[in-house]
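Novice: Turn these sequences into a full structure, and let the hints guide you.
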Amino acid sequence: MTLNDLLKQKKHKEIWQKYCGFVDLSLQDYMRIQSRLMLEQIELMSACELGQRLMRNRKPATIEEYRRLVPLTTYSDYADILLKKQTSALPAEPVVWIETTWEGGKDPVKLAPYSEGMLKAHRTAVIAIMLFATSKRKGSFSLRRFDRLMYGMAPMPYLTGLIPYVLDGEVDVEFLPDQGMIGPMSLSHRNSIGMNQAMRRGIDLFFGVGTLLMKISEQFITAPARLPFRSMFHNSVLMNYNLTKAWLRKKIFKKTVFPKDIWDLKGLVYAGTDAFFLKDKLENYWGVEPLEVFGGAELSCIAAEAWGKNGLVMFPDVCFYEFIPESELAECESSPLYVPKTSLMNELQSGVAYELVFSSFKGGAFLRYRAGYMFLCVSTENEKDGIMLPQFRYLNRLSSVIDIAGYVRITEKTIEQVIELSKLPLTNWFAVKEYNVENRPYLHLYVELGEEAFMQDINGSVVQEQLILYFNYLDLNEWDLESLFGINPLVTTVLPEGIIKGYEQEKGQKFQKINPPAAAVAEILRKASSL
Amino acid sequence: MNTQSILWGLYIMAATGYGLLVFFLTFSRRDRIIKIVIAMFVLHGLWVLSTFFMRAGFDPGAIFWNRVMVAVLVLLPLVVHFFLTSFSGVSHRVLTRLALGGVAVCLVLNFAGFVILHPVVYEVNQEINGLEAAVKMFDSHLGWGAGFLLLYMVLLLVSSFVVSLKGLRDNTLAGGIKLVFVGNAAFLTCFILNCVFWGGRYPIDMIAGLFNAVCVIVAVSKYRVLEFKFIFKKGGVLLFFIEVIAIVYVYAAIKVEALLRANDYSDSLYYIMPVMIILALLIFNAGFSKFNQNIDKMFMATEYQQRQWLRDFSVSLASKLGLDEITQTFIEAVKNVLRVRDVYLALYDEEKREYAINSRAFSEGALVNGQKYAFAEDHPILTWLHQNNTCLKREEIEKQPVFKALWEAEWELINDIDLELVAPLQSRSRMIGMLILAKKQDESAFTMEDLDLLLSLGGSTAVALDNAFSYERAKNEANTDSLTGLYNHRYFYRVLRKLIDEAEESPLSLVLLDLDMFKLYNDMYGHLEGDKALETVAEILTERVAKQGVVARYGGEEFVILLPRHDAKQTEALTENIRQEVQRMFSGGTGAENRFLSISAGICTYPAAAPSGEELLRRADIALYSAKNSGKNRIVVYGPSLALPQKQEEEEEIFWLTVPGNELVSHASTIFALTATIETKDYYTYGHSQKVAQYASALAAAIGLDDWHIKSIKEAALLHDIGKIGIPEEILKKVGRLNEEELEVMRRHVDMSVTIIKHLPTLQYVLPAVIGHHEFWDGAGYPRGICGEDIPISARCLSIADSFDAMMSTRPYRTACSLDYALHEIREKAGSQFDPHLADAFIVLAQSGSIDVTPYGQ
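Line by line, the protein sequences are chains D and Z.
Those letters in the first sequence? Residues 14 to 544, by the numbering used here.
Those letters in the second sequence? Residues -16 to 841, by the numbering used here.
Hints may contain errors.
[Unchecked claim] Computed, partial: chain D to chain Z, Cβ under 8 angstroms:
1. F35
2. R45
3. R49
4. L50
5. P329
6. D330
[Unchecked claim] DMTMM-like, lysine to aspartate or glutamate: derived pairs with alpha carbons at most 25 angstroms apart:
7. Z:K149 x D:E27
8. D:K72 x Z:E334
9. Z:K149 x Z:D449
10. Z:K615 x Z:E512
11. D:K26 x Z:E379
12. D:K26 x Z:E426
13. D:K72 x Z:E391
14. D:K21 x Z:E381
15. D:K23 x Z:E381
16. D:K151 x D:D185
17. Z:K552 x Z:E526
18. Z:K376 x D:D42
19. Z:K382 x D:E53
20. Z:K318 x Z:E393
21. D:K520 x D:E536
22. Z:K423 x D:E27
23. Z:K382 x D:D42
24. Z:K694 x Z:D823
25. Z:K303 x Z:E512
26. D:K322 x D:E517
Note that these hints are calculated values from the structure, not bench results.
None of these values were measured; they are calculated from a predicted model.
Yeah, the Cβ is synthetic: ideal placement off N, Cα and C, and Gly gets one too.
Specialist: Pasting the structure below:
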């Protein structure tokens, strides 16, 4: 029975249990599902070329044996088969191929196959997200047939584009903009068409990337007050009333008009790096508490917040989850050949950050795959909402690129360019993404100043001003995060000259310039403070 | 007819209606719900009557009947509460306690007069159709208690409704709950409206009461369709029957009375009337029993048919003991009674630890996609059934999150068999199987009654199935060899007789098959390995013969195959395949790892080469003997040239054991040649072998082994280090301790010894001792790490003798130990390295001076 049928029959209790009931699972039952589906995947993998290669021509009989036998993998382990779309080597026939960029890879893109079973699981996950987003308490949701869904996400072949695909035939949802008319147009163009349609028809649900949602919201707030007289003939009375009220509020009373003044949104769904700190502002703009979700091309949509909107819960039937604790990651950093130990969902500790390692279910291609996603285990259970499963917050992605709020992507090359343009006498540096007390991200640049800096009377604040100036210059003013989100995007710390070099000599290895290991940074700072 | 008359008429109709309802319900199986419904209708009837009595001015007066009426109203929400909670299966203790408390308070308030104040009934004259008529009116004032009562009724009704609906597991009942709530809410609302605003002028509460009764009936009939239809039809017919009898009786009585009176027999009336009554009762009784016999057929064709099936099923179940019969009967019964499209039965297989749907469990003999299917023990459906021990519907599987653990293939099967319902089969608190039902033929949903029926059918069948399992198990055990799982000797004879009877002119071949030198294999590798070898051979035989014939373990290491419709040539080809497979399985590996096991077989075919079953077996035995005698590892087909008169009966084991004994003298030269070779390479080893032979044979004699064993141990001792021929001299003669690498090379001498001796078939009997002389009693030795009595006795003797001489001899890296020290060491290591019994015997032997403990050459 489809969601449409269930909604038609008003079987709301059944709908909740079918799609969102997993949050009521005990951790033991959750692990039972994980382990059983992993055994199915082992079965499928053992019958295909890719699986035989990864499992070294053996078929593990237990999960423990699987974790012992199969090494941790990265995309390079799959590239030869997946990039050629060699379906005969896969555990299941792919129905669609999802694409994403391969940062630092030998190819510009990564491809991930999605089997029929994976799409089914993805469909269930998307519906669960829609239900959670439109619910304020357990079991009570306001999602209905023919709801209007403003869809501010990238289309196929990206993962976000799968949502209209999987919902087709499952539930009658009116997408804004209409999926039939969007064609090959830019995301911003699509969004602008969508917002125009929303002015006429209204919005019930909004799916978008966090930072993009912010951008749309800000544009809406700053747009001049104008009444769309022509389209008002086609609008509902309520919509015209809201539009007129908003117009009067802005034009006559000179007050700010927020999206919530026009639309009575049922749910707002957002995803993306550092999106969580946008939560309050988005809620203020749209009048509804946003719901965070997490997904990736290789792993599909794996987590969503529940009705309480206070931590991601991972779906039990999408992937098999393992977690590398921070301590193990530190061990890896000090010894590159070290094989980190992983923990399972029932072995996590709250307050500890973990790197996610996942194995696809239902004929997906990836086994013990590391994509570098870092999660903070916020709590191992949520007594308030009665959820006895661990809850997470997505932190960032371990990579050679520092991504601030999905707006600014800083590489080693960008920083070198900025330093060169600023002509500051910096002799050495390294950059780390850090979070302030309000959990907002910023770029922390640790620099060493040459002798001439003292002669020119250059201190830390001068360095900071200069660097921001040239960052803005390079990034077309998008660096102005402070005004957008209240983020101070750059913090600089001046280190004693030669300390980085000294460290390199002592360790006999080069110091990583972007996101160096936390332990190494701590050691340098300790040394700096002792000088 | 005036308003008063209409009102009276309504009262009588309502009271009769409730009375009839209660009457009908008494026919039903009175479970908790029906009892509550009866109570509800009794209250309704009481309320109607008390209202009527109050208005009609019956004694003891309006106040009394008014109090009764209000008491009924107080009790009604309580009964509705019990009904809703029972109907939905929700238990809410707190609410029930509050409800009981509320009722008590309300009743006290009512009878204390705080609810209705001064109720009076008075008459007024009304003009109806131009005529004046007296109409009875009711007047009263509401006390403060009425507010409390009202609040209690509304709260209890609403909270019971919400609690029942929320906790509902089976959503098909939601409609029923809503219906009962609406009916009762309408009734209470109409009552309040009538009381407060219209002073009981209009009978809307009466109409609402009847509406409520209809709602309750509809709700309950949804819950138990079959029975309700049955009750009402049966009750209706019974009522009709009574009425006919009553009318006939009254008519007859009037006529008889008139007749008697007309003829002036009025006095006889007192005698005749009782006779007539008795006559009427007799007619009623006869008619009623006839009616009872036929009413099911007349009015409940389908249900009657179902009951018939159930009855037939119960009868046939009691008379069946075979698993196949019971499953077939059960499946047919379920299919017919519930009118489902298909039924599958998955029974627990203890060996494989799974619930398997197999061909015999299919209602139409079909398999799922042409193959067997099994539910592993960790299958989510099974886990759920184990935990809940009740039926599981398809919608629950689709809905409940625990079923996310289902594999795609498992979902496919669920779809393929159109699974709609699964029911556990429990016997002695153990789930012995599960019943899988496809959709109903009319696509309707399974009702609660269906589920109850299925569980009760399943319960009785499960016990029968469990008994059948035990019976089959016992039967199998009696016919099966416990080690190999093949049929046993006894079963073989039964089958042989049967096949001979059935064979007529078609050929029936018998293969008698024996493992060559199995005793030696057992000695060398231990009994555990021997058992494993038997199992492996049994597996090969089962696999190769498959459905072509019957394989049995004839005894020991002998197997027998019966192949109907196989001539000698076909049988020989098949047996050759088996021989090669065994050879392939037991070859490969080197030294100690090499398993040298082969089979010999004798074939005879009925009727071409043997006239009867007994002869068939005897002649196959002769052929086998011939194969054994002509070099083993071969197949011989019986022919006239093989016929031997009264062939010797000795066991093959004795045959090969006696051969070495007879030929010991001829072996001496071989042994001498081999030991001479070692002497030239390493004099110490030569001398050491001589001394070990002396010690070991003395020990063997001391513990009472027979001559042949003593001699074979002596020969084994002479040859036990023969493998050292292949060890480099620098290691053999190294001055100083050997390092780990050299020790590893040195340890290989056992393998080399085995390899050398294996090429001398006549000396193979020494192998068990040679291969095992470095094994430890506790399993810590090499090359196989076997322990205890799995180490052949010859090897255990050799082990002590070997160690003792090594300690007593001077080596380049140490001087010889004293006798005391050597014996102390043997005592210390008894139970760890050495057989404790043999160690003790050897110590006694050495201390008593029975053996010469001087090292060789001194």
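Novice: The structure should be examined with respect to each hint, and the outcome stated for every one.
Specialist: Each hint, compared with the structure:
1. F35: 4 angstroms, holds
2. R45: Cβ of R45 (chain D) sits 6 angstroms from chain Z, so the hint holds.
3. R49: It holds, given that the least Cβ distance between R49 (chain D) and chain Z is near 4 angstroms, below 8 angstroms.
4. L50: 6 angstroms, holds
5. P329: 6 angstroms, holds
6. D330: 4 angstroms, holds
7. Z:K149 x D:E27: Holds, because 12 angstroms separates the two Cα atoms, which is no more than 25 angstroms.
8. D:K72 x Z:E334: 23 angstroms, holds
9. Z:K149 x Z:D449: 39 angstroms, violated
10. Z:K615 x Z:E512: Judged against 25 angstroms, a Cα distance of about 21 angstroms means the pair holds.
11. D:K26 x Z:E379: Holds: K26 (chain D) and E379 (chain Z) sit about 12 angstroms apart, inside 25 angstroms.
12. D:K26 x Z:E426: 24 angstroms, holds
13. D:K72 x Z:E391: Holds - the C-alpha atoms of E391 (chain Z) and K72 (chain D) are around 19 angstroms apart, at most 25 angstroms.
14. D:K21 x Z:E381: Answer holds: K21 (chain D) to E381 (chain Z) is near 18 angstroms, not above 25 angstroms.
15. D:K23 x Z:E381: 17 angstroms, holds
16. D:K151 x D:D185: Status holds; Cα separation ~23 angstroms.
17. Z:K552 x Z:E526: It holds: about 20 angstroms lies between the C-alpha atoms, which stays within 25 angstroms.
18. Z:K376 x D:D42: 20 angstroms, holds
19. Z:K382 x D:E53: Holds. K382 (chain Z) to E53 (chain D) sits at ~21 angstroms (cutoff 25 angstroms).
20. Z:K318 x Z:E393: Holds, at about 23 angstroms.
21. D:K520 x D:E536: It holds: about 12 angstroms lies between the C-alpha atoms, which stays within 25 angstroms.
22. Z:K423 x D:E27: Distance ~22 angstroms between K423 (chain Z) and E27 (chain D) Cα, so the pair holds.
23. Z:K382 x D:D42: 15 angstroms, holds
24. Z:K694 x Z:D823: The given pair, whose Cα atoms are some 22 angstroms apart, holds under the 25 angstroms limit.
25. Z:K303 x Z:E512: 43 angstroms, violated
26. D:K322 x D:E517: 44 angstroms, violated
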